[in-house]
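Colleague: What follows is the residue order along each chain.
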Amino acid sequence: MISVRGLSKSYGDLEALRGIDLEVRRGEIFAFLGPNGAGKTTAISVMEGYLDRDGGDVEVLGEDPANADRDWRGRVGFVLQECRMEALLTVRETLAMYAGYYRAPRSVDETIELVGLGDKADERAGRLSGGQQRRLDVAVALIGDAELLFLDEPTTGFDPSARRAAWQVIEGLRELGKTVLLTTHYMDEAQELADRVAVIAGGTIIADGTPDDLGGRGDAATVISFDLADVGAAERVRGAVAGEWAGANGRLELRTGDPTRSLNELTGWALAHDVDLARLEVSRPSLEDVYLELTGTEPGS
Amino acid sequence: MSAASLVFHQFRFEQKVFWRSPAAVFFTVMFPVIFLLLFASLFGDQEIESLGIDAATYYVPGIITLAVVSATLVNVSMRMVEMRESGRLKRMHGTPLPTWAYFGGRIGNSFVVSVLMVVIVTLLGRVLYGVEIPTETIPALLVTLIVGTFAFCSLGLALSIAIPSEQAAPPITNFTVLPLYFLSGVFVPESEIPDGVLTFASLFPIRPFFQAFLTAYDPLTQGAGFDWGHLAVVAAWGVAGILIAMRFFRWSPRHG
Numbered sequence: 001m002i003s004v005r006g007l008s009k010s011y012g013d014l015e016a017l018r019g020i021d022l023e024v025r026r027g028e029i030f031a032f033l034g035p036n037g038a039g040k041t042t043a044i045s046v047m048e049g050y051l052d053r054d055g056g057d058v059e060v061l062g063e064d065p066a067n068a069d070r071d072w073r074g075r076v077g078f079v080l081q082e083c084r085m086e087a088l089l090t091v092r093e094t095l096a097m098y099a100g101y102y103r104a105p106r107s108v109d110e111t112i113e114l115v116g117l118g119d120k121a122d123e124r125a126g127r128l129s130g131g132q133q134r135r136l137d138v139a140v141a142l143i144g145d146a147e148l149l150f151l152d153e154p155t156t157g158f159d160p161s162a163r164r165a166a167w168q169v170i171e172g173l174r175e176l177g178k179t180v181l182l183t184t185h186y187m188d189e190a191q192e193l194a195d196r197v198a199v200i201a202g203g204t205i206i207a208d209g210t211p212d213d214l215g216g217r218g219d220a221a222t223v224i225s226f227d228l229a230d231v232g233a234a235e236r237v238r239g240a241v242a243g244e245w246a247g248a249n250g251r252l253e254l255r256t257g258d259p260t261r262s263l264n265e266l267t268g269w270a271l272a273h274d275v276d277l278a279r280l281e282v283s284r285p286s287l288e289d290v291y292l293e294l295t296g297t298e299p300g301s
Numbered sequence: 001m002s003a004a005s006l007v008f009h010q011f012r013f014e015q016k017v018f019w020r021s022p023a024a025v026f027f028t029v030m031f032p033v034i035f036l037l038l039f040a041s042l043f044g045d046q047e048i049e050s051l052g053i054d055a056a057t058y059y060v061p062g063i064i065t066l067a068v069v070s071a072t073l074v075n076v077s078m079r080m081v082e083m084r085e086s087g088r089l090k091r092m093h094g095t096p097l098p099t100w101a102y103f104g105g106r107i108g109n110s111f112v113v114s115v116l117m118v119v120i121v122t123l124l125g126r127v128l129y130g131v132e133i134p135t136e137t138i139p140a141l142l143v144t145l146i147v148g149t150f151a152f153c154s155l156g157l158a159l160s161i162a163i164p165s166e167q168a169a170p171p172i173t174n175f176t177v178l179p180l181y182f183l184s185g186v187f188v189p190e191s192e193i194p195d196g197v198l199t200f201a202s203l204f205p206i207r208p209f210f211q212a213f214l215t216a217y218d219p220l221t222q223g224a225g226f227d228w229g230h231l232a233v234v235a236a237w238g239v240a241g242i243l244i245a246m247r248f249f250r251w252s253p254r255h256g
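Chains A and B, in that order, are what the protein sequence lines are.
If you're matching positions, the first sequence starts at 1 in the numbering used here and goes up one per residue.
If you're matching positions, the second sequence starts at 1 in the numbering used here and goes up one per residue.
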């Protein structure tokens, strides 16, 4: 559906995209994950045909979006990062207006139901909450029954329940057989929705793959951690259980490629020596850890 | 959909938005009516000697000029800025709707509101102040209206490009047209305005547009009342507006 090779774009001296490659297949939900200013919106704008590129090849639905015609526009739907709908038209009127632009639009009422605005159909857009307005925006993207949807930060600024609702709508698109390219800076959103993720930072794609495998996450070591204040006991356990040990301030961490065996050895040793492993945890690196490591950002920054 | 039905489709929604917008209805419909009642009631019986007509007959085409410029230039300029800065214009541009169909709907909206205002102001003039309805010059009136709608819509489009934000739209638009109303004899009878000022005002489109209407409404006008000279000036401004708009038009918000 989308094929991008060596895409580059600069704004003056600022290189927003430094040659990115991208493949999105039919029926896939593909997430572009990256911090603000990474180049996500620039890349999506080129694919939508809004922005001229400096270099590289871009093919969307078999055509170069820079030369897109009306037929192509009818096959692509999108949610822009910022768009306020007409405040004086109702939800139903807004969708009826956009439906009139397409050759074979979806049913207005069904689309309203799909985005969960059924009880707001006759409310003017100006009276909807922020989350509801965004859902109306998504409904407008769907009304043309396009095969391919670009969603640029579809849930930014949502409260948690509105995000959940939006995720359900996007999951619904998968069932309709749509291909979706979305951008987000939320890890959990990419994890929840995407079949494949590309992490973009500083204008280049620094990792891509399924959310489970991203950045070598699939083969990454498991971390077992627990509290052990007694320095002597800490010394002895390091000697007794094999693995890569680390730790500070009374909390020990064991990295292991074989967590079943390591955990068995560890707990066996603890029971035999009557040592309490307080706040024992077993974890794999989260997508967030991978992302923070990849993009070089500090947690919480 | 056929070309005509696409334009009509867009026109219908532009109409809905227009009539639901308190600011648009106030400034385009109520404001001119209030001014007509005010001016014609205060000065209606006085004769404007240089023209040989009473003030009420003078103010009917004057207020029509005000209403049409408001329905076209002012309305288009403010709405285009709002459409652009809200991101809606960019979104609309990404749909299969052809650009001409969108602008067709917008201009259609301005034209229908303008026709309605001509009818309202003419009827009020007749009923309240005995200003004659210019039946013989109706074709001239229509041509003036069509040329004016085209010209002032395209000038509204051109003006919207120079306006950086939604907050700036009302002051910039009003400061563009308000002084011209005064200098062009729309608010103050032209007999009270120095010749030099009138000559200066004639360089801009509002004065010749008003004169074309005045010719059509003047009971002393002989024949069909076509004022081709002044209409040509208005049309030239319209062409300039379209050229500027085509060269510099932006679909995306300024900040994005």
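Source of the hints: derived by calculation from the structure; they are not laboratory data.
Misleading hints may appear alongside valid ones.
[To be verified] Residues on chain A that point at chain B, a partial pick, calculated with CB under 10 Å:
#, residue
1, GLY19
2, ASP69
3, VAL76
4, VAL79
5, MET85
6, GLU93
7, GLY100
8, ASP137
9, GLU147
10, ARG196
11, PRO259
12, LEU280
13, ARG284
14, LEU287
Beta carbons are placed, not taken as given, at the ideal position from N, Cα and C, and that holds for glycine.
Colleague: Would you mind marking each hint as holding or not holding in the structure?
Modeller: Taking the hints in turn, this is what the structure says about them:
1. GLY19: Because about 24 Å separates GLY19 (chain A) from the closest Cβ in chain B, which is outside the 10 Å limit, the hint is violated.
2. ASP69: Status holds, d = 9 Å.
3. VAL76: 8 Å, holds
4. VAL79: 9 Å, holds
5. MET85: 7 Å, holds
6. GLU93: 7 Å, holds
7. GLY100: 4 Å, holds
8. ASP137: 8 Å, holds
9. GLU147: Nearest chain B Cβ about 14 Å off; hint violated.
10. ARG196: 25 Å, violated
11. PRO259: 48 Å, violated
12. LEU280: 50 Å, violated
13. ARG284: Since chain B brings no Cβ nearer than about 39 Å to ARG284 (chain A), farther than 10 Å, the hint is violated.
14. LEU287: 29 Å, violated
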